[in-house]
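J.: Protein chains in written order, with the numbering used here: chain A, 1 to 217; chain C, 10001 to 11064.
In case anyone wonders, no lab produced these hints; they're calculated from the structure.
Beta carbons: idealized from backbone N, C-alpha and C, even for Gly.
Mixed in with the good hints there might be a few duds.
Sample of chain C residues at the chain A side, in silico, Cβ under 10 Å [as the list claims (entries may be wrong)]:
#, residue
1, Arg-10076
2, Leu-10081
3, Phe-10084
4, Leu-10550
5, Glu-10866
6, Ile-10957
7, Pro-10970
Below are the DSS-like pairs computed for lysine-lysine, each with C-alpha atoms no more than 25 Å apart in a straight line [claimed, not checked]:
#, chain 1, residue 1, chain 2, residue 2
8, C, Lys-10967, A, Lys-202
9, C, Lys-10935, A, Lys-120
10, A, Lys-95, C, Lys-10086
11, C, Lys-10935, A, Lys-99
12, C, Lys-10932, A, Lys-120
Take a look, some chain C residues computed to stay more than 12 Å from chain A by CB distance [stated by the list, open to error]:
#, residue
13, Ala-10091
14, Pro-10093
15, Glu-10220
16, Asp-10225
17, Gly-10280
18, Pro-10406
19, Ser-10448
20, Arg-10571
21, Gly-10633
22, Glu-10808
23, Asn-10869
24, Gly-10878
25, Ala-10963
26, Lys-10967
27, Leu-11020
28, Lys-11047
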Amino acid sequence: MANFFPRWSNWLPIKLLVCAFVVSNILTGFVWYYFTPKYTRVGYQPIQPVPFPHSLHVTQLGMDCRYCHSFVEVAAHSNVPNTQTCMNCHSQVQKDNPKLLPVRQSWTSGQPVEWVQIHKTPDYAYFNHSVHVNRGISCFSCHGDINKMDVVTERQPLSMSWCLSCHRAPEEHLRPEAQVFNLDWTPPAGQNQRDIGLALKKAWNVNPPENCAGCHR
Amino acid sequence: MKTIFHHPPEPAGGKKYWRSLEELSETPEFRSLLEREFPRGAAEFNDEDGLSRRSFLKLMGASTALAGLGLSGCHRPVMHLVPFTKSVEWAIPGAPLFYATSMPGRRCALPLVVTTYDGRPTKVDGNPLHPVTKGASDVFAQASILNLYDPDRSRYFLENGEQADAARFNLSLDKIRGNLAANGGAGIAFLVEQDNSPTRERLRGEVLKKFPQATWCVYEPLGNDDAARILEAGGTRLSPQIDKADVILALDCDFLGCDDGGVEASRAFAARRQPDQPAGGRMNRLYVVENRYTLTGGVADHRLRCPASQIAAFALALAKEIAKRTTGNAALDPFDGGIAKPQVNASFVEGWVERTAEDLIDARGRGLVMAGPRQPAAVHLLVQSINKALGNLGSTVMGMPVTENPGVTIGELARDIADKKVNTLFILGGNPVYNAPSDLEWEKLQKSIPVVVRVGIYVDETSAGCSWHVPAAHYLEAWGDGRASDGSYLSGQPMILPLFDGWSDLDILARLAGLPKPAGSELVRETFRSIAKAADFDAEWNKFLHDGFLEGSAVAATAPQAVAAPAGYVRDNLNLTSMTGEDAYEVVFTSSASVDDGRYANNSWLQELPDPITKLTWDNAALISPATAKKLGITPKTFGQKDFPVIEVALENRKIEIAALVAPGHADHSVSIPLGYGRTATGWVGANAGVDVYPLRTSATPYFAAGATIRLTGNVHSLAITQDHNNMEGRALVREATLDQYQKNPEFAKTMWMDADLPATNPTLYSHPPMTGLNQWGMVIDLNKCTGCNACVVACQAENNIPIVGKEQVINGREMHWIRNDRYFASWDKQDDDPEMVMEPMLCQQCENAPCETVCPVNATVHSEEGLNVMAYNRCIGTRYCSNNCPFKVRRFNFFDYQQRPVAPQKVPLFGEVSGLKLGPLTEKGSPDTLKMQKNPNVTVRMRGIMEKCTFCVQRIETAKIAQRVKAGPSPDVRVPADAFQVACQQACPAEAIVFGDILEDSGSKVSKLRKDPRGYTLLAYLNVNSRITYLAKIRNPNMKMPGADKIAEFDAAQQEKKPKGAP
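Model the full assembly from the supplied sequences, consistent with the hints where possible.
T.: See the structure below:
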């Protein structure tokens, strides 16, 4: 019988295998990089109804985070401020600034300002702010240098593996309780984060949950 | 190849524990069905409703092709954070607020504490501050929150059936008021429910001041107006003191269940039920005489089956025995000679009456005889004379003042209406068209009245044809008040503004009376002013609202005199019914443990709640004894029976057709049928649920009617019963003994059955999860205290967002309750007509060596360091291997999207009616807004394809841990203190049978102490699962002189010889 398979088809299976291997690796790498929260969420910077600059209020004016996010030490959800909180100052300060028009309108009409949510975990994961800020984790660890932001940007992926990286090693983020709301804090000269963290972890008996029930109820 | 496990066989000579008569038939089909967790066909679609697997796939294929395949980009959809504009006092987003209130009830009000999130109530619990109830609640209080959020609630004012509004109603009301002012209110009548609210009484007085000729009628279908009139004529209501009684005889009185006792009776009884009583006290002993099994009968030490109509004969026989054995009993003398010999063929088990009488006489002053609240007045009077003769009046029987003035009965009101004396009728609550005695023909009467104003929470049978239907406010939406069982004054704060602009009773009465300040809060403040007489009113008022009750307002019980009945009343009225003839039956109209008198027919939690005894859901059935069944030719079919024979029950010229359920322990010649079903004007939940029995009920026979006939019709009806889904199969899951056996060998439970052969250390092949948590969680369930009331089941459903599945799915064994009460009958001979009954709450045992954890392919269920078996819902892919492996069958699977797809049947062209669940994507996805408001925000709402089970209320555990860590702050004090919080089932249980907490000894918690109780054992210990739940064995206290005493609570004699662990 004549050869009806051309010679080059001898190499076809191996070529297919190598090709499949390379392609699947590329695809996996592609998904691993571009489809995980580290890429899709970090840098999310939506346009807000009011261009509220944290840098002005926190860094320049020296307001504490808790003036607006008033329930962060007692509740799971760290609230965005009510219109009344904004109007505490802005009924007199900048009271004709057009950028604050939505706030003034909200105050007179009774309709709330609809802020775009940036930092969100899935509904089945229950995160509690109060236990973190009361136990030495600063806003900075999850929200980044928000005190310097003109527009709030998501700095951390807030994925489960990212949460676990701290839960498994809280010493990387623990800081003295007085410094929790000081977003510019760095370890004093001569000390490093890990040593400070380990000492606090031991002194405060810090053992964050690593089992599923800690967050998934 | 399927592994067939041969578990240790049922001990041949031992006591048998069985679930149902069907189980006794032991056909091969039964055995094969037993091995399957779900009955055959449960995992497939049935062909019967037209939707087979094939047709489903056809539909799915078509719909997939039509579905869009849009991609929504790489980022999640935009979501918003929406704060308040003006700050709201006390409101912290996501944090709960707890308010005290009270739930009005027939007998008394129940003090409550309600959990609210973001302004909406989500969970109702008892008020732990109240000295009598101490935080207990019952099924109706737990489920009442669903009535608040019922999407089928009445939302609009209806004028002659047309939608109107409050403004027009106010105009109408003014007109009515004007018309009636002219003639002093003649012709106005009020038909109201029983409620001991002092403010309502005060407003009644105001209205009657304005309209002196008005009629006030109080009607409760499950009340006993005629008896109350005679018994409470002196202004005192008798109040049994259960905690003081050593010997209790309950004549048709389910004081631990639906009748009269309430949650405080369960608590008081459970406290005296402990085998080790403090300070030389005795464990109490309970004798029960009843016609059907009730919760009280289940707990009884001795039980006699007796038709309800013959309780009178029993009481008389008992009175005669007591008179014979005691001298100088003036109280009983009239009965001894006065009543003619009973012309009945009522005979009781030889020796039963005599020995009981002797025991009661031995316990003079410490005994208690009670008659069921719906028995006729003559029986009650006779029972009180017995109590007086035994010296119980003033010790175990006390008196409480009656706080409401009596009104007229519905019979008298009907007569007035028929005589055209009523031209305006206000119906506040209730549902007389549905549940008035049938001889009154209420519907016709109501239609004959020119103006009928009906305030109702549903547009129901009574609302049809009314001049005005006013949407009623739920008790959680309206101001009110009440009195608890000890007479203390309770507040009734609203939790939320009326969702549908409803009006409460107080609103409408205040407007009618033309009061200047008709707001509910003002009305209650006025009442409080007169009751409290406080120096600093505002401070006292705030404290009253905060606590939920006025401290020191409890009314002391007084030693009652015997009720002064008209002379010769008992002699003339004691109706000693004769049950002549083989075919003479009585029909007993029982209250339903699910829908009460019918008011909860649209409450899906209660409809799906299995009746504690029959485990029947979504239906009512006629309960008949096995002997009656045999006579009719009904044989219990094979296990997994779905279709039950329908019988026709006829009383004179009225008849109904209803499915018959053979009930072990039921009296012969008696048929018990629960009321409250067969509603015609409700939402989808109550529609097609059961048969309306009210047509059989007349004014003369509100509770039982003799002279009924029953016959098989040849039809069948499907009933959804959960009892056969789980069986004990000869394993000693419930362990019990008599008091004597316990005192001889307190640790008897630890060595029963397979536990006698447990090795000292049980080796295990897989590594034990590290239990390094500072708190270790565990639970103790005391079977001796548990009555099986199901309060825990509904509490768990409310707390954990557990869905309902509908009747069809319950038949397939897919009910979703995380905790269930397994009810077993126990007898030596399986054909015994008088079995005992035991209840066992069953929930996830949180095994340390959990069989479910090792088989999950995706590791969705793992063990926490604190001993919890944890479920991560989002990981679960629905393999169901864990449920397969669970020896306790406590894992529940979401076969359908119960939360978002309609459970009710939907009409489908070509296929007829198909359950909304099976139609899946073809139905509208979503849940009514009001039902979403009830959900607990701290618990994930599970979707289709996810396994769920009891989590030991992990959301409460985590909340407590977080609270402790927040409190600790920069300090190491992070261990949750003992008994800092309760889990939902523990919180609801009125008998305190469930205790949860930190089991480590140094915590000092209640549960750590109870775990050391000698009665404690764990289930299936020989499987080495190391359950975290310890059960305390049940103890019965039989009187060895009673007939049949030697059979009670005896476990296998052979096992009794096994030596206790550790004995030489």
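J.: Could you run down the list of hints and mark each one as holding or not?
T.: Here is what the structure says about each hint:
no. : hint                    : verdict
1   : Arg-10076               : 7 Å, holds
2   : Leu-10081               : 5 Å, holds
3   : Phe-10084               : 4 Å, holds
4   : Leu-10550               : 31 Å, violated
5   : Glu-10866               : 8 Å, holds
6   : Ile-10957               : 8 Å, holds
7   : Pro-10970               : 4 Å, holds
8   : C:Lys-10967 / A:Lys-202 : 18 Å, holds
9   : C:Lys-10935 / A:Lys-120 : 21 Å, holds
10  : A:Lys-95 / C:Lys-10086  : 18 Å, holds
11  : C:Lys-10935 / A:Lys-99  : 39 Å, violated
12  : C:Lys-10932 / A:Lys-120 : 21 Å, holds
13  : Ala-10091               : 10 Å, violated
14  : Pro-10093               : 5 Å, violated
15  : Glu-10220               : 42 Å, holds
16  : Asp-10225               : 49 Å, holds
17  : Gly-10280               : 46 Å, holds
18  : Pro-10406               : 51 Å, holds
19  : Ser-10448               : 50 Å, holds
20  : Arg-10571               : 65 Å, holds
21  : Gly-10633               : 53 Å, holds
22  : Glu-10808               : 29 Å, holds
23  : Asn-10869               : 9 Å, violated
24  : Gly-10878               : 16 Å, holds
25  : Ala-10963               : 9 Å, violated
26  : Lys-10967               : 8 Å, violated
27  : Leu-11020               : 24 Å, holds
28  : Lys-11047               : 46 Å, holds
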